[in-house]
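Participant: As you go down the protein sequences, you meet chains A and B in turn.
Going by the numbering used here, the final residue of the first sequence carries number 154, and the count climbs one at a time with no gaps.
Going by the numbering used here, the final residue of the second sequence carries number 207, and the count climbs one at a time with no gaps.
Some clues are possibly wrong.
As the list claims (entries may be wrong) - Okay, derived cross-link-like pairs now, DSS-like style, lysine-lysine, Cα gap no bigger than 25 Å in a straight line:
hint, chain 1, residue 1, chain 2, residue 2
1, B, 24, B, 34
2, B, 162, B, 84
3, B, 182, B, 154
4, A, 67, B, 82
5, B, 177, B, 84
6, A, 67, B, 107
Claimed, not checked - Okay, the calculated bits of chain A under chain B, using three or more residues with CB under 8 Å as the criterion:
hint, region
7, 17-31
8, 61-70
9, 107-119
No wet-lab data here; the hints were simulated from the structure.
Ideal Cβ placement from N, Cα and C applies to all residues, glycine included.
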Amino acid sequence: MIEKNLKALVALLIFFLLDTLRPFAYSLITEFTFLGIVLICLNYPFKTSLFFAISFGFAQDAICMDKTSFNLLEYSAIAVFIHYCLRNFHGKAVKSFIFFGVLIVHIIINNFHINTAAYLFSLLFFIHSSIIFVLVNHLFTKWLYSGLKGNDVI
Amino acid sequence: MSFSSQRLILTQNSSKTIEELRKKNLILLSALRKNQTLTEENEKLRKALAFKEDKKVEMVGAEIASFDPSVWRRLVIINAGKDKGLGEGMFAVDSEGFLIGRLVDVKNSFSRLMLVDDPEFNLPVYIGNDALGLLSGGVDFVKIQYIDISDNVKLNDIVWFKIPLISYPIYVGRVRKINENKNGLFLDVDVRLFSQNPLLKKIFIIK
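Produce the entire structure from the sequences given, and follow the hints as far as they go.
Facilitator: Structure (structure tokens):
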């Protein structure tokens with residue numbers, strides 16, 4: 001379990017670095033930390049997900065100098081919402097539905113947060129984030145379950 | 001020595017030579033890339049120097065250290081602050097003198113720069129010769145609002161502004177699209193920015 005948690009921490013740190021260094025500047029319209037938090041919430045138990053959501057939400061607020069703790073609140077709410085859905089809904093496509101639901105809510109909340117209805121930008125954010133999430137999800141789950149014993153897998 | 005062993009030695013020698021040539025080629029290629037980067041940087045600095053001398057303005061060079069993690073905002077952190085005499089409200093330009101943004105938070109050794117396309121960026125600007133409007137940033141489009149309908153604004157007109165106490169104009173961009181406001185009293189104008197490369201490493205703050 002420790003190895004699994006360390007992998008989550010490493011992945012989130014890399015995502016956080018990608019967001020702050022932006023090697024593609026604003027050509028790639030996505031937020032890696034947000035995708036990472038969703039990914040962790042979909043693959044980890046509630047307590048671990050909430051811990052990472054709070055930690056990285058706080059770190060993001062500290063860098064943005066956001067006094068409203070916007071990211072802290074949003075990421076914590078995402079962790080709670082995703083685990084509520086995972087507990088109450090079952091099926092093959094439930095994780096995909098949860099991801100798209102959270103992504104759409106994130107876009108709406110951010111449009112309110114910046115007081116603008118940025119239609120084109122929101123559409124691009126949706127497309128880029130969906131593609132990156134599919135890619136990251138595939139790579140992360142492959143890495144996560146490589147070398148883990150059966151009883152470590154949730 | 002038989003013909004086949006002579007040929008074997010020759011082949012071994014030539015494969016060694018090829019290997020060495022490949023290594024040399026790699027070294028030369030990397031030196032060439034480094035040279036190209038230096039030439040580009042040199043060119044940018046020359047342009048900035050020309051701008052500085054031409055306009056007789058005091059500027060401080062800085063580099064982008066990191067970006068705001070939220071893609072919905074356009075804020076960057078630069079590696080210069082109060083230690084280099086910077087203050088809030090100062091404007092940043094690129095090496096060609098086009099507006100990039102404005103300092104919104106200045107610390108001792110770093111500052112926070114709000115780029116022109118940040119949703120909270122606002123600046124009174126001129127369009128063409130004398131039309132006046134309020135430039136507002138946005139992640140979708142940068143717009144100018146509240147332009148009087150009687151003002152003769154045309155497509156491709158230059159958008160510019162003046163810093164108080166400095167006599168020359170700072171160019172922002174060109175008019176891309178003109179729309180009539182919903183209430184029919186004003187024009188809303190979309191602007192194509194001159195400086196659209198946020199990956200640029202060197203920026204200059206006008207003091």
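Participant: Now tell me if each hint is right for this structure.
Facilitator: Status of each hint after checking the structure:
Of the supplied pair hints, the one linking residue 24 (chain B) and residue 34 (chain B) holds, its CA atoms being roughly 15 Å apart against a limit of 25 Å. Restraint check: the Cα-Cα separation between residue 162 (chain B) and residue 84 (chain B) comes to about 23 Å, which is no more than 25 Å; the hinted pair holds. For a cut-off of 25 Å, the pair hint linking residue 182 (chain B) to residue 154 (chain B) stands: about 19 Å separates their Cα positions. With a C-alpha separation of about 23 Å, the suggested pairing of residue 67 (chain A) with residue 82 (chain B) holds against the 25 Å cut-off.
Restraint check: the Cα-Cα separation between residue 177 (chain B) and residue 84 (chain B) comes to about 39 Å, which exceeds 25 Å; the hinted pair is violated. This hinted pair checks out: residue 67 (chain A) and residue 107 (chain B) have alpha carbons roughly 17 Å apart, not beyond 25 Å. Coverage of the region 17-31 of chain A by chain B holds [criterion: at least 3 residues with CB-CB distance below 8 Å; count 9]. Evaluation of the coverage hint for the region 61-70 of chain A: fulfilled, as 3 residues show C-beta separations to chain B shorter than 8 Å, against a requirement of three.
Look at the region 107-119 of chain A against chain B: 7 of its residues bring a Cβ nearer than 8 Å to a Cβ of that chain, three or more, so the hint holds.
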